[in-house]
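S.K.: If you're matching positions, the sequence shown starts at 19 in the numbering used here and goes up one per residue.
None of these hints come from the bench; they were simulated from the model. Where hints are given, some of them may not hold.
[Said to hold, decoys possible] Think about it this way: if two alpha-carbon atoms lie no more than 25 Å apart in a straight line, the pair counts; the simulated SDA-like pairs of lysine to any residue are:
#1 K114 - S178
#2 K114 - C144
#3 K114 - S56
#4 K114 - E43
#5 K114 - T92
#6 K114 - S147
#7 K106 - T92
#8 K114 - G26
#9 K114 - D145
#10 K114 - L37
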Amino acid sequence: MTAPSTFGLSSEARNLHWLLTNLVEEVPGIQSVAVVSSDGLLLLSSDPGRNEEAREARTAKPAGPRGSAADLATVVSGIGSLTVGAAKLMEFGGVKHTMVAMDEGSLFVMSISDGSLLGVHGSADCDMSVVAYHMALFVGRAGHVLTPELRSELRQSLQSQSAGSTR
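Given the sequences, and given the hints that come with them, work out the whole structure.
M.R.: See below:
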């Protein structure tokens, strides 16, 4: 994982970065993580250095998600929206988490707060229960600090990182 620069960020933003770094480094099988706002924007990712690379790859040849956090954010937002719509249609209440097991990997989506989502792309051999447990810990620790002000700060931080990488 390429650690993002946290210089100039608030203590809450630095703590959220630290929680995300720990999630990726401590849980075997996690390949990529994205925190997505309720409007589908990437707020925080495990591989911020690849965000611009992912945008360029989509522009050059749109081949679909390849595992970068920018692509993961798009998929997480879509799955989150779909499951919320399904829950409303079936009148089952709110969506807590979604897990998708595939031949070559797994996708986990968990609600954080105010419609924000945590998405994890895991390897095929990851222990799904361990990943889900650690995601729940992250959500429990991060949910109360993910305020509108912090979401705005994280968006601005990603935009400035993106602008800095295009220079």
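S.K.: Now tell me if each hint is right for this structure.
M.R.: Structure-based check of each hint:
1. Taking the CA atoms of K114 and S178, the gap is about 32 Å. The hint is violated against a cut of 25 Å.
2. Restraint check for K114 and C144: the C-alpha separation of about 20 Å stays at or below 25 Å, so the hint holds.
3. The straight-line distance between the Cα atoms of K114 and S56 is roughly 14 Å, inside the 25 Å bound, and the hint therefore holds.
4. Taking the CA atoms of K114 and E43, the gap is about 24 Å. The hint holds against a cut of 25 Å.
5. For a cut-off of 25 Å, the pair hint linking K114 to T92 stands: about 19 Å separates their Cα positions.
6. In summary, the hint linking K114 to S147 is supported, as the alpha carbons are separated by about 15 Å, within the 25 Å threshold.
7. Using a Cα cut-off of 25 Å, the hinted pair K106 and T92 holds, with the two alpha carbons roughly 21 Å apart.
8. For the hint pairing K114 with G26, the CA-to-CA distance comes to about 33 Å; that exceeds 25 Å, so the pair is violated.
9. Distance check on the hinted pair: K114 and D145 sit about 19 Å apart at the alpha-carbon level, within 25 Å; holds.
10. In summary, the hint linking K114 to L37 is supported, as the alpha carbons are separated by about 20 Å, within the 25 Å threshold.
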